[in-house]
Amino acid sequence: MKYDILIAGVGGQGVVLASRMLALAAMKAGFRVSTAETIGMSQREGSVSSHIRIGEEISGSLIPAGQADLLIGLEPAETVRNLPFLKKAGKILLNSHAIAPASKPPGSPEYAPEALLAFLKARFPGMLCLDFTQLAEEAGTYRAANVAMLGAAAGAGLLPFSKETILLVLETEIPEKHRAVNRAAFEGAIEKIKPGTLTGNRR
Amino acid sequence: MGNEAIALGAIEAGVQVVTGYPGTPSTEALETVVRYADRCGIYTEWSSNEKVALETAVGAAYSGAKALVTMKQVGLNVASDPLMSLTYIGVKGALVLLVADDPGPHSSQTEQDTRVFGHFANIPVLDPANPQEAYELTKLAFELSHEFEVPVILRTTTRVSHSCGDVELAVTEPVPVEASCEGFTKDRRWTIFPRLTAERHPWLENVQVQFSERFSGLPYNSILGSGKIGIIASGVSALYVKEAVKGFEGLFTLFRVGTVHPFPEQAALSFLKGIEKLIVVEELDPYLEEQALQLIGKAHLPVDVYGKKNGFFPVSGEYNVDIVIDGVNKVLAKLGEPSRLSHASPAVLREELPPLPVRAPTLCAGCMHRTVFYAFKQAAKQLKKDSQVETIFSGDIGCYTLGNAFPLNMVETCLCMGAGMSIAGGLSRTNPEVKQVAFIGDSTFFHSGIPAVVNAVYNGADVTLAVLDNRTTAMTGHQPHPGIGVTVLGNPSKAIDIAGVIRSCGVDFVRTVETVSLEGCIEAAKEAMEFKGPSAIVFKGKCVGITKSGIKLTIDPESCTGCGFCVKQLGCPAIFLPPGEDKPVIQDSCSGCGLCAQICPSGAISEGRVKR
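Here the protein sequences line up with chains A and B, keeping their order.
Letter by letter, the first sequence follows residues 276 to 478 in my numbering.
Letter by letter, the second sequence follows residues 716 to 1327 in my numbering.
With the rest of the complex left out, here is chain B:
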């Protein structure tokens, strides 16, 4: 896997400290390092958030150590405060940031482009196309970071990080890294101050020029072919181009850019001088397109550019070979070229497909979050009935974002990590007659939820916080967090009690509730919602992704009236209404949480056979 290749590249480069916060599609890089951490003597941690992860790695790099920080693209936003200052200060050992972008997006809030972030922050960005290049460019990133004393970003996309393939390694078995580094030397260069920034800024700009020159001579920026139409591409898009133009290679010259920022101008110029037309193929932002346009203008080159900016390629979304074929054909048509690239003809066309059910991701069968969402739904209904008070439910980032799905419909705002409670606070100022409830997961609470609790207490916001504590970072694949009492290496650590943290922030109403009893959850929800001022409930349960109960419920067809209440209310993937029948059945994926049994009006659901 691309992420594993990155980890192996980092270990080979001698990485001594690895930090990060889980985020799809970046997570497996740090998890791979963990597999070798003991053997190779690498300090590894899941940090409480990306900002903390970066700052921890910065401390290590100040001391001459080689450090790696891993995160997804939105994690870089969290880490951007230290990063923007770090560029002026620089590092001593080496500091590489793995930042994984997610065109599509498949599993993210944004379609931001880290190449552009690197441009904005004055940080070099390397952009591999596949796991092999990811491995090689990781090693290059460490070399460059050490030599130039600046942080370097290795930017991947989902199709690189989550692609498995054969990778040729220089070292087959990772060996222990150097145990020591030179250590921290006191110097004024480590303390940012307006005067220091003013001194360093020209240096930082000059480093950009040096990088551009160095990059122009690297083999990761290559020119293939000698056709009159140029194509520039980076990352996995370059591979799509190669496949799309198969059979028409004579028509094109492909310039593959592996070191995207600072843009390798000299290499680009020698490419641009041999062509008349330029096609730009890149996912997300028109980064290469803008660099090329700028260079063409600067050098007064007679080259026409076809890309996103003039409508030849999609401005958003993930690319593939077929999208590249369509875009290139549009350009060929515009140029009056007789040849056209062709699509393969599929066995069945998309238009010929019979109607297919929508299959959106949903909370797992037996997920504790479903019980909590359902409990608050009932409590809010009651509140409306008794006192005509409406409720707004704010969500957060994690599995429980899926509480937005039909039929629960319990997430009415969701923005970014840790935003739920603060947004609820803002809503409470502008909708004073409406009750505000915010949901947050345990890992997200530690990541960036605590400042919102502090703010709600400090400024007296009337908000109910529901912490969904399933004792794991579930969505990204079950990583530990500060509330669990175990580190990424499996060593014991002090478990931080979420209810205790909330209490110590000054919240007067704090309850801890097990999610086994729906009735208990509804009662607690009601009480918290009726409380004036900030209130909180920590719901404790298990993640069915890591704990198997062995129990399965069944519906007794004799007592089932076929009312369909369980199906319509819960959206549990284990409950299935066979087509043409009126009585639902419970499937193998049932984990025996018992929520359906607790709401069945005719008591038809009970514990059935034990699963193998």
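Chain A on its own, in the form it takes in the complex:
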């Protein structure tokens, strides 16, 4: 078994926390894990990504191009930026909530989230797409979009371990004062993506 997950987003969205939780859950499920995280300067509102490599043996922590099984995109532009890592039959879980860059330096293309969403939907008709930021906001805080997306990934059967395993990790990794909100976002997302309740692009 080998399962490579890439989480992409903007510094401050909790990409590192989400990847730690997946790594710990994978270990609990008995796999070997290796992650690569963006820590440092880019955490200040820059593009960030985490690579999580799950399997029977330890590899270098960076996923090679075209080998990710799952791309969890916390933001549309950052999702598109990381598409070259996704393998041909790879799956995408997308947060449609766009975050515009803080400034547009001369020469930087205009940010057009609608065009990017249309591109993603055309290329990946099976993509699971929701406004997870709004879903998290409804659960108590927009900051829990990362944990909501883990809920959706587990609920949709996109992970090589159960949602219960992630919930166990949630108990130890999220400080107590934020735990209830995160649990609500996690469960809320699972509920939301159940077949029949989703008004998205799920096949």
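If you're looking for bench data, these hints aren't it; they were derived computationally from the structure.
A few of these clues could be false.
Listed next, the stretches of chain A that the computed footprint assigns to chain B, with coverage defined by at least 3 CB atoms under 8 angstroms from CB atoms of chain B [said to hold, decoys possible]:
1) 284–298
2) 312–325
3) 337–344
4) 351–363
5) 372–383
6) 422–433
We put the CB at the ideal spot given by N, CA and C, even for glycine.
Could you slot chain B onto chain A? The hints should help.
Positioned in the frame of chain A, the structure of chain B alone reads:
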């Protein structure tokens, strides 16, 4: 995480004293020790800089204690003065330096290679490939340091230090380390002197030979496969090689080097004797390549070498599996080999991607630094208008280096920790008609900013220093520093007053200004810039990374004229102009600093709802 594994390895090895200065990607090693410091009885400190950290650890190691010092690669430059002398003197207990390199670089000024530094300084260097090896090699580093009485470097890279993975520990729960060490014994060996250095130098060279011999027998240098093409690699690159050649293992023999310096010559020789061609895969400097070339020459071996030096692999930047595949394929093509390694085919090729906005790192929404930069921008504009005087802004290392970003554009020189004010001093000598302003953060001020203040006073430089005091070492994850009044263990300590230090250095113009009022900041900036001779303002504010205000501003669409002034002037990530619209909105990340409200020409921005 690799850094946590290193800390656990050090604790298991019995480390008694741990010092360091924060620096990405090394910081979490010391922070992990802190979690066990009380329980295990380990003395731990964030020192004021890497030189001080090393010297403190040296004192402990002279006394027979086991000590660890942590820093990033550029920190080693700061610590190099004591280190270069220490190699001649050696240690008694054990002294291990964790030095984290940053190929890329992701979060650093340089792409220097600590393996080469070890070679230059005559210090053994261990180079783990993943957290498991980092844990094991840390323990080995302590053993070797104790046995040979020399400092040992554990060199990691970002993909080892900042990689999380499963690590098998020999001891599941850290136990208290030995409370005592033998203590300092007076001896002439601890006082460096030309004669002592001359005596010790042959010993130091001999130790290198002994290390090379010892390393050749260690399992961390392993040979895999029996193909006719050899590949030598160290660190995480070795794992990339394993993945890249999957399915073609019969063609290659991989020599993984875990103890890179002194180069394990005997082990390398037995590897080289079985091959005809050698591919070298390593990030940063061609260290292994030079060692291999030297050995091949010395032993007159008929082996051709393919690496960075003859253009088969990139000379800089971070490697990955795909880069290794490309490099190996180039070599295979050169050799006329029919087989080629193949890349996986991605769902979408890079060339097919639609245009994407540049998303560079930027100062957080509500960061006090933005207010100070904007204030100086206005003050400089005024100075130019009133007296036709231009201003040059020098920056320093920390979050506020991000003041260089569009649209602030307020960092015009930046070199290394503590350099801003000295460079401004130099600029003042060669651009006498131009005003010089230097920005420095609070932690950087204590690290290496003070000598520049002393020099400016001593030699009468006309420079304005702006200290950005947000009461934390923010960029590396909010560590305490000497100005805060608390140690790494959370114990109270004497808080050192930055304004007081500057005053005591002899600066006659020193103001302390809160960053709440933009107008107040602009006035102070103007006054300081008009002052002849060294002047300083200590700007005090909060780091929004650790203090949440609960306030969020909103833009009243009725009063907003859509002039876009707030968007164009500040580059605040909370202010967002939705595509196709002319009136900006304030997003959730707003922390309510109020800077935009203070510059809005139509007064359309005010305090809105309270955030949950």
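Here is what the structure says about each hint:
1. Using a Cβ-Cβ cut-off of 8 angstroms, 6 residues of the region 284–298 of chain A lie near chain B, which meets the minimum of three, so the contact claim holds.
2. Note: the region 312–325 of chain A has 11 residues with beta-carbon separation from chain B under 8 angstroms; the three-residue rule is met and the coverage holds.
3. Coverage of the region 337–344 of chain A by chain B holds in this model, with 5 residues showing a Cβ closer than 8 angstroms to a Cβ of that chain against a need of three.
4. Counting residues of the region 351–363 of chain A whose beta carbon lies closer than 8 angstroms to any beta carbon of chain B gives 10, which reaches the threshold of three, so the coverage claim holds.
5. Counting residues of the region 372–383 of chain A whose beta carbon lies closer than 8 angstroms to any beta carbon of chain B gives 10, which meets the minimum of three for the stated coverage.
6. Coverage of the region 422–433 of chain A by chain B is violated in this model, with 0 residues showing a Cβ closer than 8 angstroms to a Cβ of that chain against a need of three.
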